[in-house]
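Visitor: Taken in sequence, the protein lines are chains E and G.
Just so you know, my numbering puts the end of the first sequence at 194, numbered straight through with nothing missing.
Just so you know, my numbering puts the end of the second sequence at 431, numbered straight through with nothing missing.
Since the hints were derived computationally from the structure, they do not count as laboratory data.
Given the structure is predicted, the values throughout are model-derived calculations rather than measurements.
Just so you know, not all the hints are guaranteed correct.
Partner residues aside, some chain G positions facing chain E, computed with beta carbon under 8 Å [to be verified]:
hint : residue
1    : Thr58
2    : Thr118
3    : Val159
Beta carbons: idealized from backbone N, C-alpha and C, even for Gly.
Below, each chain spelled out in residue letters.
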Amino acid sequence: MLAATTLTVFVVLDDAPESSAPAAVAASRPSPTTAPPPGPRNPVELKPICLIGSWRTVDERFMIKFYTDQGLIPFVASGRTFTFRPDGTGVMSEDGVVYTGSFRGNQLRIVGHGNLEFTWTADDKTLTYVSYTRSDLSFAYFDQRGHLSTQPVNADPQHNEVDNYTCEGNRMTESNPATQYQSAWVRTADFGMY
Amino acid sequence: MAARIATLGVTAAALLLAVPPPVAAQPSSPEELAAAVARPAVVLIQVSWRGWVRDRRTGEVFGGNPGYHVTVTCTGTVISPDGYVATASHCVHTGAMGGSAVLFDAAATDLARVGRVTDPARARALLAEHAVAEGAKADSAVDRQIQVRFGDDIAPATVANVVAPDQGDVAVLKVPRDRLPAVAIRPDPAPVGTPILAIGYPGSVEEAGDRPEPSTKNGQISAQRTHDEHPFYEFSAAATHGMSGGPVVDMQGRVVGLISRGTPGETQSFNLATAAATLLDVVRDKEINAEQGAHDRNYRSGLDRYYAGDYDGSVEFLDAVLAAAPEHEQAAAYRKLAVERGGSVGSGNPLLLVFLFLSAGIGLLAGGLGLAVLRLHRRALLSTMDTPPFGFPLPAQVSEGPTEVTSDAPTVRNSGPDPAPPVPPRPDPSP
Numbered sequence: 001m002l003a004a005t006t007l008t009v010f011v012v013l014d015d016a017p018e019s020s021a022p023a024a025v026a027a028s029r030p031s032p033t034t035a036p037p038p039g040p041r042n043p044v045e046l047k048p049i050c051l052i053g054s055w056r057t058v059d060e061r062f063m064i065k066f067y068t069d070q071g072l073i074p075f076v077a078s079g080r081t082f083t084f085r086p087d088g089t090g091v092m093s094e095d096g097v098v099y100t101g102s103f104r105g106n107q108l109r110i111v112g113h114g115n116l117e118f119t120w121t122a123d124d125k126t127l128t129y130v131s132y133t134r135s136d137l138s139f140a141y142f143d144q145r146g147h148l149s150t151q152p153v154n155a156d157p158q159h160n161e162v163d164n165y166t167c168e169g170n171r172m173t174e175s176n177p178a179t180q181y182q183s184a185w186v187r188t189a190d191f192g193m194y
Numbered sequence: 001m002a003a004r005i006a007t008l009g010v011t012a013a014a015l016l017l018a019v020p021p022p023v024a025a026q027p028s029s030p031e032e033l034a035a036a037v038a039r040p041a042v043v044l045i046q047v048s049w050r051g052w053v054r055d056r057r058t059g060e061v062f063g064g065n066p067g068y069h070v071t072v073t074c075t076g077t078v079i080s081p082d083g084y085v086a087t088a089s090h091c092v093h094t095g096a097m098g099g100s101a102v103l104f105d106a107a108a109t110d111l112a113r114v115g116r117v118t119d120p121a122r123a124r125a126l127l128a129e130h131a132v133a134e135g136a137k138a139d140s141a142v143d144r145q146i147q148v149r150f151g152d153d154i155a156p157a158t159v160a161n162v163v164a165p166d167q168g169d170v171a172v173l174k175v176p177r178d179r180l181p182a183v184a185i186r187p188d189p190a191p192v193g194t195p196i197l198a199i200g201y202p203g204s205v206e207e208a209g210d211r212p213e214p215s216t217k218n219g220q221i222s223a224q225r226t227h228d229e230h231p232f233y234e235f236s237a238a239a240t241h242g243m244s245g246g247p248v249v250d251m252q253g254r255v256v257g258l259i260s261r262g263t264p265g266e267t268q269s270f271n272l273a274t275a276a277a278t279l280l281d282v283v284r285d286k287e288i289n290a291e292q293g294a295h296d297r298n299y300r301s302g303l304d305r306y307y308a309g310d311y312d313g314s315v316e317f318l319d320a321v322l323a324a325a326p327e328h329e330q331a332a333a334y335r336k337l338a339v340e341r342g343g344s345v346g347s348g349n350p351l352l353l354v355f356l357f358l359s360a361g362i363g364l365l366a367g368g369l370g371l372a373v374l375r376l377h378r379r380a381l382l383s384t385m386d387t388p389p390f391g392f393p394l395p396a397q398v399s400e401g402p403t404e405v406t407s408d409a410p411t412v413r414n415s416g417p418d419p420a421p422p423v424p425p426r427p428d429p430s431p
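In isolation and in its complexed conformation, chain E is listed as follows (with noise of 0.2 Å):
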């Protein structure tokens, strides 16, 4: 009977759930946090990345002072290549571009040669060309009698010509209502792809 009762109570006692302290207030829980965001980071070194890379001009308007004693004629090319560095600094380059224009019936004709290297900056609507830092780029001049001239474009450093621009995908759109320009771009894979 002692033995029976022993082992009852020794079974009653294991049998029975482990103590745990009291649950802890809730409230005094600490709770996350929202927590300030890092940055910003320094602008000069954001670029918009959708202007990073080279492009192919695929349809460009100018109005071009031609004849010295005469106005704006309007002119088309494409052909141009530009690539935009990460750096702010870019080129552009022509490898026998062709701009035609017509003044009285006659046919009017630029062809570029060379690289034109500059430092450009941007922000998500407008893209400066800060500065024309080295140029070997040039135009020949022709028109109904032949060649004309052939002029060097120099390097500029004080340049600073700021165009707006628009950039989805792999199109671009860059314009100047001053000058008149218009142009539509198409990406390249030369620079700037992953």
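Fit chain G to the supplied structure of chain E, relying on the hints for placement.
Guide: Frame of chain E, contents of chain G only:
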């Protein structure tokens, strides 16, 4: 008369013990019990990454002015009630296989949006090789915020210890919570063929919703592997994004490993889990006490009793769990089921045991009393009989031995029904 009293006493006790228990809610499979044991310790982890990606070749910085802000989900496994949560380190590690990879993916998506990606895989590979994820200043650390979700409660977490994803893929987080439901870690390697469950929260933050539920997939250990001297298990259960860090448990609900990653080029049936041995190394390295608490053991006892049909006992143990951990959702759920099946508060085993004990005692007492009366009656008869010269041998003493004392009285033993409580059998723990 005394013999009848004794008989009635013993019979009453026997009848009490013979009352059939309610039909037990047996688990439909070993997996059901394993899931019930382990799921309370499975938590949703949200990791928010904020930073920029810089290509070291060109200096190009991706992320714009605000930087990238990406939140990913993983799964965690509570391994200590004191707020320690194990997960896969690639969920929280800042390196190229962790948070940096998340930001690289964001940059690759950004680049693809603007037409600068020819092949997404190549883009990610190039970024992984040439880029760095960083904070607002070059080479500064990215911002990382980890939150662990326990039902409606969301707790901030810090990294207590971590090994790189390619060095074992284990991290242990610390959250400012206690009495969390924790799961046991299996100390020995699980043999190939061991049935397992892989538990985790699949999908994205958006898919998780307000009340995310973990998914439980069954399978088995397919192979034991080693990567750079770190043990992994290949397992056949399905696993997908978001389940990383979730437990792979055996049929006792013990952690065998943590879901790590899929096998490249293989189907979903070839997933890898970091072996529990690596987790134990990480835990020991920081002297973290990865042991279950009393409420975990009570929860297990409550489950065992529930599945054994001891609903009163189940309610009792689960009440103890809820007293210590009121937010233990599974304990509340199983308690509700136990109550629906007839379990009630305060009618658990202890009272039943006392009643049985008293009944048995009364039975024994009555039996003994009856025997004593019979013996006195017999002695009275003997005193009036003619006796041989040397008298009759005395019958055996009732109170001195376990043997039967009379041939005409009801058989009475001094060891009545075992008043110990009917402990329900535990489910077979073997895999």
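Visitor: If a hint holds in the structure, say so; if it doesn't, say that too.
Guide: Going through the hints against the structure:
1. Thr58: Holds. Min distance 5 Å.
2. Thr118: Where the cut-off is 8 Å and the nearest Cβ of chain E is about 6 Å from Thr118 (chain G), the hint holds.
3. Val159: 15 Å, violated
Against the hints set out earlier in the document, a violation occurs for number 3 only.
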